[in-house]
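S.K.: Next come the chains, spelled out residue by residue.
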Amino acid sequence: MEHRIWPSADRSRIFKASYRGACGFTVLAGEVTGSLPELVKALPLEYLERLILQNRVFGDDLHLEGVAVEAQGMVILSSQPTLLGEPASISEILSFMRGLWFQPLPGLRLGNPGALAFYRDLDEVAAFDAHPANFVKDDSGVVLPIDLILVQADKALHEALCRYVQ
Amino acid sequence: MKRAVYLTDPEAMRKARLQQPRSTSEQLQAQLERFRRASEKSSEEDRSATSSRGREKTTH
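One line per chain: the protein sequences are A and B, in this order. Just so we're aligned: 68 in this note's numbering is position 68 of the first sequence, and the numbers increase by one with no gaps anywhere. Take the position in the second sequence, starting the count at 1, then add 1000; the result is the number in this note's numbering.
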């Protein structure tokens, strides 16, 4: 898990604090990775870009609440609407992502074991760590992602991911 | 099992997110546990179906 989480006082939102000195993960490719996509610790700006992508691509309502300095490092505090429901199945995850023109990347395993990866070359957005715990199927059956690792691909990552598209 | 609904418009997704019922801390904790178990089950199924020569690189 990438965050410490707790509900807001009115329980409408979830607060998320990154672990001290860490900003979650991102994926990059380049000379240092042998041109293969690789999961690495994210820099603060990469983490913030990920939050912006989550709002833009998946209609989330993530708010940057602030930045705190704790004894062992910086913490980024954000919040998002509370979603109650059930974990989505792998087939529901595939259907949801395909509906948004994300193509699955078979053979690319980054993040939790079994997690799927996707790429949408229309706007060069990649989504990683797609597994049941990162998708909520709410009481109406609406499937919504909550905590994917989203990356705006640069040229090197685009080329690396295109090798996995079938 | 509930029939899945797939929204494709980010604004519709935003509305769905903002119309959710309030949760209690207990509901949230119970959900986290359910999701953790679902993720573990999915990982186990994947491991049993994946060759040892797979390309998995990093876990967290």
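These are calculated hints, taken from the structure and not from any lab test. Here the structure is a predicted model, which means the values were calculated and not measured. Just so you know, even glycine gets a beta-carbon here, dropped at the ideal spot from N, CA and C. Just so you know, not all the hints are guaranteed correct.
Covered stretches of chain B, as calculated for chain A (at least 3 residues, CB under 8 angstroms) [unchecked claim]:
| # | stretch |
| --- | --- |
| 1 | 1003-1012 |
| 2 | 1016-1026 |
| 3 | 1032-1040 |
S.K.: Closer than 8 angstroms Cβ to Cβ for three or more residues is the test here. Does the stretch 1016-1026 of chain B pass it with chain A?
M.R.: holds (count 9)
S.K.: For the stretch 1032-1040 of chain B, does the count of residues with a C-beta closer than 8 angstroms to a C-beta of chain A reach 3?
M.R.: holds (count 6)
S.K.: Three or more residues of the stretch 1003-1012 of chain B near chain A by CB distance under 8 angstroms?
M.R.: Our answer is that it holds, as 10 residues pass the Cβ test (under 8 angstroms) against chain A, meeting three.
Every hint, counting from the list given before, is met by this structure.
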